[in-house]
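**Student:** Chains as they are written, first to last, in our numbering: chain A, 1 to 255; chain B, 1 to 255; chain C, 1 to 255; chain D, 1 to 255.
Read the hints as simulated data drawn from the structure, not as lab findings.
The reader is advised that the hints may include incorrect statements.
Copies of the same chain are indistinguishable here, so a pair counts whether it falls within one copy or spans any two.
What the hints assert, rightly or not - Straight line, CA to CA, 30 Å or less: simulated DSS-like cross-link-like pairs of lysine-lysine:
1) LYS125 / LYS162
2) LYS234 / LYS121
3) LYS103 / LYS234
4) LYS162 / LYS121
5) LYS234 / LYS162
6) LYS24 / LYS162
7) LYS76 / LYS138
8) LYS234 / LYS24
9) LYS19 / LYS234
10) LYS76 / LYS19
11) LYS121 / LYS138
12) LYS114 / LYS234
13) LYS103 / LYS76
14) LYS24 / LYS138
15) LYS114 / LYS24
There are 4 protein chains.
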Amino acid sequence: MLTVDNIQFNSRLFTGTGKFSSNKEMREALDASGSELVTVALKRVNEHRPEEDLFHHLREGNFRLLPNTSGVRNAKEAIFAAQLAREALQTDLLKLEIHPDPKYLMPDAVETLKATEELAKMGFKVFPYIHADPVLCKRLEDAGAVAVMPLGSPIGSNLGLKTFDFLKIIIEQSRVPVVVDAGIGAPSHAAQAMEMGADAVLVNTAIAASPDPVRMAKAFKMAVEAGRMAYEAKLAQPVQHAVASSPLTGFLDED
Amino acid sequence: MLTVDNIQFNSRLFTGTGKFSSNKEMREALDASGSELVTVALKRVNEHRPEEDLFHHLREGNFRLLPNTSGVRNAKEAIFAAQLAREALQTDLLKLEIHPDPKYLMPDAVETLKATEELAKMGFKVFPYIHADPVLCKRLEDAGAVAVMPLGSPIGSNLGLKTFDFLKIIIEQSRVPVVVDAGIGAPSHAAQAMEMGADAVLVNTAIAASPDPVRMAKAFKMAVEAGRMAYEAKLAQPVQHAVASSPLTGFLDED
Amino acid sequence: MLTVDNIQFNSRLFTGTGKFSSNKEMREALDASGSELVTVALKRVNEHRPEEDLFHHLREGNFRLLPNTSGVRNAKEAIFAAQLAREALQTDLLKLEIHPDPKYLMPDAVETLKATEELAKMGFKVFPYIHADPVLCKRLEDAGAVAVMPLGSPIGSNLGLKTFDFLKIIIEQSRVPVVVDAGIGAPSHAAQAMEMGADAVLVNTAIAASPDPVRMAKAFKMAVEAGRMAYEAKLAQPVQHAVASSPLTGFLDED
Amino acid sequence: MLTVDNIQFNSRLFTGTGKFSSNKEMREALDASGSELVTVALKRVNEHRPEEDLFHHLREGNFRLLPNTSGVRNAKEAIFAAQLAREALQTDLLKLEIHPDPKYLMPDAVETLKATEELAKMGFKVFPYIHADPVLCKRLEDAGAVAVMPLGSPIGSNLGLKTFDFLKIIIEQSRVPVVVDAGIGAPSHAAQAMEMGADAVLVNTAIAASPDPVRMAKAFKMAVEAGRMAYEAKLAQPVQHAVASSPLTGFLDED
């Protein structure tokens, strides 16, 4: 069981609400995923278009909402957005995303640290989305982040764990849960993150943009559980020389 | 459901019997894996040491046995071994492994093709273990193999799908089931093989050599199912430019 | 200095003649590459279109010609082609390529071995182009091949050394020179092959299809030399923990 | 020719002075490398042990010295160290390294930005060593850095360009030269960095720790030149389907 700042989660798969073709499909996929933490963009929280009715579809799910600040460009905007989110959703949970770069949506290390420091003092439970930068992760932890969310590869790229070597260091050093976010495009990527000891993963695009989001959600659910189970049962290490599974030599010699 | 030469399998995880610390543990792991096809070295079939009693532990499982020729060095030895296996286990199923190289256990393309041709004529249902060589796979198919078993990486290496680019071609071209064998060291590797369209995987060492084989077997079971499910729901393709999951721009501009 | 069957080569970069935009440009690039062994398709040898005049441009170069059998589908066709080549070019050297698959041009292991056996008996100095299959390489060596040419990745793919783990085994085991062929799309790929101990590389497309073939040829020349030099000076091994280049601790403490 | 803040360099290979077995060997390797910018730890600048006599060996070389702040843990220490360096070496050039983590020597994004801002105002020409973080690189550029030095992989790891996908973005976006630093363990790594458009690389351990540093230095020199040349001549892109180098079909059909 995963514990983030006293909240317990049975599921280590965090999900998102973007990019689904309909709210109904979104809700079915979220349910199939077993996810207990679902991120939602503040911008959408703020909309009150009745035809959209996102919140109607998020109501009474078996999950908490994790508002995110996607779209803000600096700490000041992030703090303002966080306050709106707290009021609208009645939650202290916050996924902090600050990306001044509109093309690759890469997070801003310095502004993210600054915002985390302030938001933590204001009582927010901050999940910062950041580069897979081991020193930054430690500093965010010191600043009061309840978890760190290093990226696996550029957002929406489906490239998997390109930051593998740095995630290893982050996981080794972190005292708060490490949630791998961004770039996870396949269940095998999610399983790999769990196998290496990540505490959770956040998956959105790979589920939402699938032709069959419900089925894909279920695939990710199982892959995350499989990866965690393998981590607990301890993976074998890669080796260079062959080691036969079956007794090799002398079969016919002995007859 | 997977069909290999008219035999139907609910599970796409094939397993092995080598390297377990005890026969009891082996049987528990095999049951936990849900595997319906379990390979066993002929040498061990041939043993009748009562204290070992491998077959007692394989009896009445929810799986078929797939005898393998591990330990033979050429087609002639393989054919002799196959006949012994058929008699001992009363099955036409045969995993054909010919590896003259005692260090890396790499399969021999030429002897494997020769043996497959003869064994198919003798009524065997041959599953040849081979290099991830697309042309060879087609020739084995033409020679009557009921499936092909290209390697992911050197046996026992746990290095995963190092032959990815060649497996893709094999899967694209094959008319018989493609079973990725050797090198699968983690559930994420098995999931990746299934995601790319492999029909099944064979896993032995990674389960047997785990400190907790039963749990690891279950992890592989789930990962294989997850990977297959993702294949059916269609994976997103890797892209180079970021695509945001959440509506990105203009959050604060609109307030 | 590289020796293949008593022929000495100063350059470890073998090149090809396909895909250049003109014969003049081809010749300039070949000269810039420093290559002393240049492969040429038999089909082109066989052409006598005066406007083409390939051979005029290959004359009096500082290189030997290595006719290849590209386009043949089996051993029989290969042997016939080899005889034509010997007659036309007055050389026993032969790059043996047998690829029945018109899409990926993957080599045929079985036919290649069969043709090598026969051609070696007929006095040809055979350079077989094959999959990175360690056992096959040893068998070709036993059959009389003067070198082996395992592929790095699919022909024309520019994907580099996807077969790295298998090339390592081949290089470790081979008693004849190992020439990495196919898939080398960048000088860094060629350098990597040399660093790991390959005896030579064959590069064609990456030079010929460059907008500036002469410059690219020179780049490959230098990269091959650099890679070989690094192999001789011994590369450091990858490590997991950081090791500082500069004396790290205590700088200010001591002031 | 590379220009960094009005200084012109013929060589795109920057080197270091750590880890050589003797100062004499260091000097010979630096000369063989052709490097025109050589980094040296401030701590060593500060030493006046005559038996060491590092500076005697660095005198009158064909290179400038680039003092680095290796060993400092925050901006304040870095600024102090920079001032000492300027005085001791009479240069405004400064490689800024701030790594509070003694195990992996990962750089600190926030302190590095802070120090860069201050040092630039003080007239230093700052080369900050940092994570391959695209947003941070842009901020350092805005803060007055004359170049950025993103890491390829953990320092001393020899793992090559593990940050490839992020380096691509950095190179695409940067208006100051991008120098790939750390993790470059082989000439092929250096060539790859140049091929992708990096302006220079910094190599230290891989040369200094080689059994033959002079030869290895020369190998890196050539690889860097080869990679740059290939970048200028434009590399072919990786493709998935085979494209034959030689005219493929119909060889024998036409006879």
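**Student:** Would you mind marking each hint as holding or not holding in the structure?
**Tutor:** Structure-based check of all given hints:
no. : hint            : in the structure
1   : LYS125 / LYS162 : within (28 Å within a copy, 32 Å between copies)
2   : LYS234 / LYS121 : neither (38 Å within a copy, 44 Å between copies)
3   : LYS103 / LYS234 : between (39 Å within a copy, 25 Å between copies)
4   : LYS162 / LYS121 : neither (33 Å within a copy, 36 Å between copies)
5   : LYS234 / LYS162 : both (22 Å within a copy, 22 Å between copies)
6   : LYS24 / LYS162  : neither (33 Å within a copy, 40 Å between copies)
7   : LYS76 / LYS138  : both (22 Å within a copy, 19 Å between copies)
8   : LYS234 / LYS24  : between (39 Å within a copy, 20 Å between copies)
9   : LYS19 / LYS234  : between (36 Å within a copy, 16 Å between copies)
10  : LYS76 / LYS19   : within (27 Å within a copy, 45 Å between copies)
11  : LYS121 / LYS138 : both (17 Å within a copy, 29 Å between copies)
12  : LYS114 / LYS234 : neither (38 Å within a copy, 40 Å between copies)
13  : LYS103 / LYS76  : within (21 Å within a copy, 34 Å between copies)
14  : LYS24 / LYS138  : neither (39 Å within a copy, 41 Å between copies)
15  : LYS114 / LYS24  : neither (38 Å within a copy, 48 Å between copies)
The structure fails hints 2, 4, 6, 12, 14, 15 (numbered hints given earlier, in ascending order).
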